[in-house]
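Using the hints provided, position chain B relative to the given structure of chain A.
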Amino acid sequence: MSEAISYIWLGVLAVFEAPALFSLAGIGIPAPLVMLLCGLLTGIAVGATPGLAGPMAMAVSLPILISVFGVSADALLPVFAFLIGIMKGATVGGAVPAILFNTPGTPDAFMTTLDGHPMTLRGTPERALKIAHFSSVSGDTVSDIVLFVCAPFLAVMVESVLDLPEKTALIILSLSFIAAVMGASVAKGLISVSLGMVSAYVATGQGFHPRLTMGVEALSDGFPLIAAVLGVLILGEVFKSIFDMWRGIRRKRAEDHNADLAPDGLRPGDIRRILPHIGRSSLIGCMVGALPGVGSTLAATLGHSLGKRRHETRKGPTDKSFGEGIPEGIAATEAANSAVSGANLIPVLSLGIPGNAAAVFLILAADSIGGFNPGPSVFNFAAPEINPELVVAFGIFTLMALGNLLNWTIGGIFMRSMGVMARVPNRILLPVVLLVTLTAIYVQETSLAALWVAIGFGVLGFFFRVLEISVLPFVIAFILAGSLENTARQAFSASGGDPFFLFRSPVACGMLAAAVILVVLLARKK
Amino acid sequence: MNRFLRTFAVAAVTVAAPLAALAADWTPPGPIKLMIGFGAGGGADTQARLIAEAIEAKHGWTILPEQVTGNSGLNLLTALKDEPADGTAIGMIVTETMAYNLVASPESGLNAGDFTPLATTAAFRMGLVAMADGEFSSWEQVKAAAEAGKAVRFGTATTRQGDMAYHLGKGAGIDFNIVSVKGGKAIMNGLRGGDLDIGWVAGAQAKAVAQGEMINVARGIDTPLRETPEAPSITDIGSQFYLDGNFMFAAPGGMDPAVRDALAGAIAEVLADSGTGASQLVTRAFGGATVIKGDELDAMLAKAAGDSQALLKDVTE
Numbered sequence: 001m002s003e004a005i006s007y008i009w010l011g012v013l014a015v016f017e018a019p020a021l022f023s024l025a026g027i028g029i030p031a032p033l034v035m036l037l038c039g040l041l042t043g044i045a046v047g048a049t050p051g052l053a054g055p056m057a058m059a060v061s062l063p064i065l066i067s068v069f070g071v072s073a074d075a076l077l078p079v080f081a082f083l084i085g086i087m088k089g090a091t092v093g094g095a096v097p098a099i100l101f102n103t104p105g106t107p108d109a110f111m112t113t114l115d116g117h118p119m120t121l122r123g124t125p126e127r128a129l130k131i132a133h134f135s136s137v138s139g140d141t142v143s144d145i146v147l148f149v150c151a152p153f154l155a156v157m158v159e160s161v162l163d164l165p166e167k168t169a170l171i172i173l174s175l176s177f178i179a180a181v182m183g184a185s186v187a188k189g190l191i192s193v194s195l196g197m198v199s200a201y202v203a204t205g206q207g208f209h210p211r212l213t214m215g216v217e218a219l220s221d222g223f224p225l226i227a228a229v230l231g232v233l234i235l236g237e238v239f240k241s242i243f244d245m246w247r248g249i250r251r252k253r254a255e256d257h258n259a260d261l262a263p264d265g266l267r268p269g270d271i272r273r274i275l276p277h278i279g280r281s282s283l284i285g286c287m288v289g290a291l292p293g294v295g296s297t298l299a300a301t302l303g304h305s306l307g308k309r310r311h312e313t314r315k316g317p318t319d320k321s322f323g324e325g326i327p328e329g330i331a332a333t334e335a336a337n338s339a340v341s342g343a344n345l346i347p348v349l350s351l352g353i354p355g356n357a358a359a360v361f362l363i364l365a366a367d368s369i370g371g372f373n374p375g376p377s378v379f380n381f382a383a384p385e386i387n388p389e390l391v392v393a394f395g396i397f398t399l400m401a402l403g404n405l406l407n408w409t410i411g412g413i414f415m416r417s418m419g420v421m422a423r424v425p426n427r428i429l430l431p432v433v434l435l436v437t438l439t440a441i442y443v444q445e446t447s448l449a450a451l452w453v454a455i456g457f458g459v460l461g462f463f464f465r466v467l468e469i470s471v472l473p474f475v476i477a478f479i480l481a482g483s484l485e486n487t488a489r490q491a492f493s494a495s496g497g498d499p500f501f502l503f504r505s506p507v508a509c510g511m512l513a514a515a516v517i518l519v520v521l522l523a524r525k526k
Numbered sequence: 527m528n529r530f531l532r533t534f535a536v537a538a539v540t541v542a543a544p545l546a547a548l549a550a551d552w553t554p555p556g557p558i559k560l561m562i563g564f565g566a567g568g569g570a571d572t573q574a575r576l577i578a579e580a581i582e583a584k585h586g587w588t589i590l591p592e593q594v595t596g597n598s599g600l601n602l603l604t605a606l607k608d609e610p611a612d613g614t615a616i617g618m619i620v621t622e623t624m625a626y627n628l629v630a631s632p633e634s635g636l637n638a639g640d641f642t643p644l645a646t647t648a649a650f651r652m653g654l655v656a657m658a659d660g661e662f663s664s665w666e667q668v669k670a671a672a673e674a675g676k677a678v679r680f681g682t683a684t685t686r687q688g689d690m691a692y693h694l695g696k697g698a699g700i701d702f703n704i705v706s707v708k709g710g711k712a713i714m715n716g717l718r719g720g721d722l723d724i725g726w727v728a729g730a731q732a733k734a735v736a737q738g739e740m741i742n743v744a745r746g747i748d749t750p751l752r753e754t755p756e757a758p759s760i761t762d763i764g765s766q767f768y769l770d771g772n773f774m775f776a777a778p779g780g781m782d783p784a785v786r787d788a789l790a791g792a793i794a795e796v797l798a799d800s801g802t803g804a805s806q807l808v809t810r811a812f813g814g815a816t817v818i819k820g821d822e823l824d825a826m827l828a829k830a831a832g833d834s835q836a837l838l839k840d841v842t843e
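Chains as they are written, first to last, in our numbering: chain A, 1 to 526; chain B, 527 to 843.
Okay, chain A solo, but in the shape it has when bound:
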C-alpha cells in the first residue's frame, strides 16, 4: 500500500516538477499544466463547433505536439496533458451548439437538444448551459474516480490471471465486441474490423522479407500509423462533407431565433433537482464506458431514457415532462455521455485495448514518444527500481484530476462564450481542417508517400461513410492487429507449437465462445 501511495506522490510530482515552459513572476510554470489548459480550451472550442469533434482535434494536434516536444521522456506528460485537455473540453463543449442552435456537435449531444433547445427558446439559455456544464463535469469527475480505482486493480488481476492464450482470446473478444456493437450492423462492423487488420498486416510479421507490399518499397515498413488513422478518421469525413455540399445536401442547421438571450442563470433548487439524475447517469456512463467500443451515444440514450422513465413516475401533475425543456433532461444526458470518457480509459491502461477514438490517440501518443506502453505491465508495483511507466500513469491521473478542476472553474465561463463557433460555415471549416491535417501528417512522417497513404485511406473512409460502415472498428482493429498477431504467435510457440493452444484453457474457451455468441446474438437482433 505504501508503494502505491509513494507512486501516486511521484505522479503528482512528475506533473508539478516537469520542466517549465515559461516563468510567471519568477515561478516556473510546468509544461504539462500549461498544455492541459490550452488543450481544455481547444477542446471546448472544438466541441462547440458542429462538424468537429474531440478525437479530430486530438488527431491533428498529436503530430504537431510531437514535433514541438520531441520524443524524449520529458515529452510524455505535456503531450498527454494537451490530449486529455481536449478530451475533457470537448465533452463539455459538445452541449453548446445543441442547446443554443439545436445542432448537436456530436451524435451523443442529440439527446441534449431535446430539453436544452426548448429552454433556449424560452429565453433561459444560460440556465441550460450551466445545468449542462454542471452535469457534464460531475459525470466526468465520477468517471475519473472509477478509472483511478479500477484500472490498477484490473491490470494487476489481468497480469496474474491471464496467460498468453487468454490474452489472445481477450483481444479476439474485444475486436468482435467492437465489430458487433458499433455502427449500422454486425456484418458492416466485421467488414470494418477485417479491413483494418488487413491494412495493419502489410509489411509486418517476423520474416526478413516484408509481406503484402507487392514490391512497393515505400510500404516496406507498412502503412504509417498516423497517416492511415488520420486518413480514415478525418480526411474521410472531410471528403464526405465536401461530397454532401456538392450534392446540395446541407447539414441541418437551425435558423437563428430571435429569442431573448438576456442573462438568466441557475435558479434555487436546480442543483438539488438534477443531482439524482446526475448520479444515475454517471453510473450508467461508467458501466458503458468500461466496455471497449460501446461509446457515449449509447450511454446518453440510456441515461436519458432511464431518467425519463423515473421522472414520469415521480413528477407532479403540473410538472413538465422530458423533452419540454427541463433541467433534468439535460442533466440525465450530459452526465451519462461525459461519464464515459474516464471509464473508457480503463481498458486502455489496464489491457492496452482502446475503447474509443480518444483512447486511440492516447495510445498513438504513447507509441510515437515511447517510454510508456499502455497495458498490464504499467501497473507493476513490485519492481525494485522505480517503475517509470507507473509514475507516468499516476501523472496522467493527476492531469485528469486537474483537468476536472479547470473544467469546474474556468471551463463553464469559456463554454458559455463559445456559441459563436457554431456559426462557422463548412466552406471555411473544411479546407482549414484538410490543410491542418495534411500538414500534421507531413510534420510527423516527413515523406510525401505518407500523404498519399493518408489520401488513399481518406478515400476508403469516404466509402465507409457512404456505405454507412463505422470507421472506428477499422481504426481500433488497425491498432490491435499487431498485438493480436504477436500474442497469438507467442502463445503458439510458448505452448510448444500446439495448434489448439487457444482451446486448452477454460478461460480462453469462454472468451472465444462469448465472442461468437455476441456476434450471433447481435446480428439477429439488428
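Worth flagging that the hints you see were computed from the coordinates, not collected in a lab. Here the structure is a predicted model, which means the values were calculated and not measured. Do not rely on the hints blindly, as some may be mistaken.
[To be verified] Cβ-Cβ distance ranges computed for the label pairs, FRET-style: (1) 439/A <-> 555/B: 27 to 35 Å; (2) 825/B <-> 28/A: 37 to 45 Å; (3) 609/B <-> 443/A: 43 to 51 Å; (4) 555/B <-> 207/A: 35 to 43 Å; (5) 555/B <-> 6/A: 19 to 27 Å; (6) 149/A <-> 588/B: 24 to 32 Å.
[Stated by the list, open to error] Listed next, the stretches of chain A that the computed footprint assigns to chain B, with coverage defined by at least 3 CB atoms under 8 Å from CB atoms of chain B: (7) 216-229; (8) 370-379; (9) 483-490; (10) 494-502; (11) 509-522.
[To be verified] One side of the interface only, derived from the structure: several residues of chain B facing chain A at Cβ under 7 Å: (12) 566; (13) 568; (14) 595; (15) 600; (16) 631; (17) 633; (18) 676; (19) 705; (20) 715; (21) 737; (22) 739; (23) 753.
Positions of the beta carbon are idealized from the N, C-alpha and C atoms, including for glycine.
Frame of chain A, contents of chain B only:
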C-alpha cells in the same frame, strides 16, 4: 574461404591503404543524412542522435537524422545501398544486421560488400536472464526443469536470438519453447508477468540484476558480465558460438578510405570525450563505449558472418 569472408578480406585490404593524412582535412560535401534503424525515442535512437549532435558541435558538419526502421535493419540497408558513398549518407544499425541478417536473407539481394562499415559504438552485454527468485534462477535449475518434463519458455527478440536459443538447447539436450517478442524490455516484462521463463537481454537487465530482481543465468559474450561475473558462458553450457553484438555505423559500399577514416574517427572522438552527452549515455546504458573500426571491424564482421553461416547450418540440419 566462403564468399562472405572473401568479400570482407577484399574490403580489409582496400582499406588498409594508408591515406590517414587526408582524413583530418576531410569535410563532407554537403549535409550528412543519418538513417537510424531504431524506433524514435528509444535508447538506440537517442544514442545515434546524441552522437550526431556531438559531431556537429565538434566539426561544424550538418547531420540530419531520420528514422528508417523495419525488417531488423534490412530496410535501412536497402535504402543506404543506393545513397552516394561520399560521406553524405550513413546509417546506424547493429552488427547483427550486417552479419547474420544478410547471411540469412539472400532474397533481400544485399551483400556485405554493398556497405562500408565505419565504427561500432557500444557492445551488447548479452545475458540469458531469469527472475532471481523463480524456478529458473540457475542453469542447473533450467536443465533440471527441462529434464523433469517441464516446457521451458525462452524469450527471444530477433531471428538470430531465436536460432541461438534453439542451438543452445540442441547442444544442451533441451527442446525449448522459443517465444519471439519485441525487444529486451518486452522479454523482461514477460519474465515478470510469468509469460516467459528465461530470455536473452542485451544490457537492459543490468539494473534489475544489480537490484536482485533478475539474474543472469549465463552470459552470451566472452567477457564476464559486471553484475554477475560468476555466470557461465553459453559456450560452457552447450553453444558453439557467442551471442555478441554491437551498435555500429555503416555507409554505402566503395567509400574512399580517407572518408571512411574521417567519419569513423569523428564517431570515436565524441565517444572518447566524457563531456559529450553521447559518451555519458553509452556509459550509463552500456557500461562504456566500445569503438572498433578499420581493419579490426572488418575482421570482426567477417568472423560474425562466418559464425552466422555455421549457426544457420546447425539449426537447419
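Tested hints:
Between residue 439/A and residue 555/B the C-beta distance comes to about 32 Å, which sits within the given range of 27 to 35 Å. Here the CB-CB span from residue 825/B to residue 28/A is close to 53 Å, at odds with the stated 37 to 45 Å. Look at residue 609/B against residue 443/A: about 24 Å separates their beta carbons, and that is not inside 43 to 51 Å. At roughly 38 Å, the beta-carbon separation of residue 555/B and residue 207/A lies within the given 35 to 43 Å, and the hint holds.
Between residue 555/B and residue 6/A the C-beta distance comes to about 55 Å, which lies outside the given range of 19 to 27 Å. Evaluation of the 24 to 32 Å hint for residue 149/A and residue 588/B yields a failure: the beta carbon distance comes to about 52 Å. Note: the region 216-229 of chain A has 4 residues with beta-carbon separation from chain B under 8 Å; the three-residue rule is met and the coverage holds. Interface restraint, the region 370-379 of chain A with chain B: holds (4 residues with C-beta to C-beta distance below 8 Å; minimum three).
Counting residues of the region 483-490 of chain A whose beta-carbon sits less than 8 Å from any beta-carbon of chain B gives 3, enough to reach three: the coverage restraint holds. Given as covered by chain B, the region 494-502 of chain A passes the check, having 4 residues with a CB less than 8 Å from a CB of that chain where 3 are the minimum. A count of 0 residues in the region 509-522 of chain A with a Cβ less than 8 Å from any Cβ of chain B is obtained; the coverage claim is therefore unmet, three being the minimum. Nearest Cβ of chain A to the Cβ of residue 566/B: about 5 Å, under the 7 Å cut. The hint holds.
For residue 568/B, the suggested interface contact is upheld, since its CB lies about 6 Å from the closest CB of chain A, less than 7 Å. Interface hint at residue 595/B: satisfied, since its Cβ lies 6 Å from the closest Cβ of chain A, which is below the 7 Å cut-off. The interface hint given for residue 600/B is met, as the beta carbon of that residue sits about 6 Å from the closest beta carbon of chain A, less than 7 Å. At its closest, the beta carbon of residue 631/B sits 4 Å from a beta carbon of chain A; the interface hint therefore holds under the 7 Å criterion.
Proximity of residue 633/B to chain A holds as hinted, the smallest CB-CB distance being about 6 Å (cut-off 7 Å). The beta carbon of residue 676/B comes no nearer than 11 Å to any beta carbon in chain A, farther than 7 Å, and the hint placing it at the interface is violated. The criterion of a C-beta within 7 Å of any C-beta in chain A is met by residue 705/B, whose closest approach is roughly 5 Å, and the hint holds. About 4 Å separates the beta-carbon of residue 715/B from the nearest beta-carbon of chain A, less than 7 Å, and the hint is met.
With a cut of 7 Å, the hint placing residue 737/B at the interface with chain A holds, because the nearest CB-to-CB distance is about 4 Å. Checking residue 739/B against chain A by beta carbon gives a least distance of about 5 Å; that is within 7 Å, so the hint holds. Taking 7 Å as the C-beta cut-off, the interface hint given for residue 753/B is violated, the closest approach to chain A being about 13 Å.
Violation of the numbered hints given earlier is confined to hints 2, 3, 5, 6, 11, 18 and 23; the remaining hints are satisfied by the structure.
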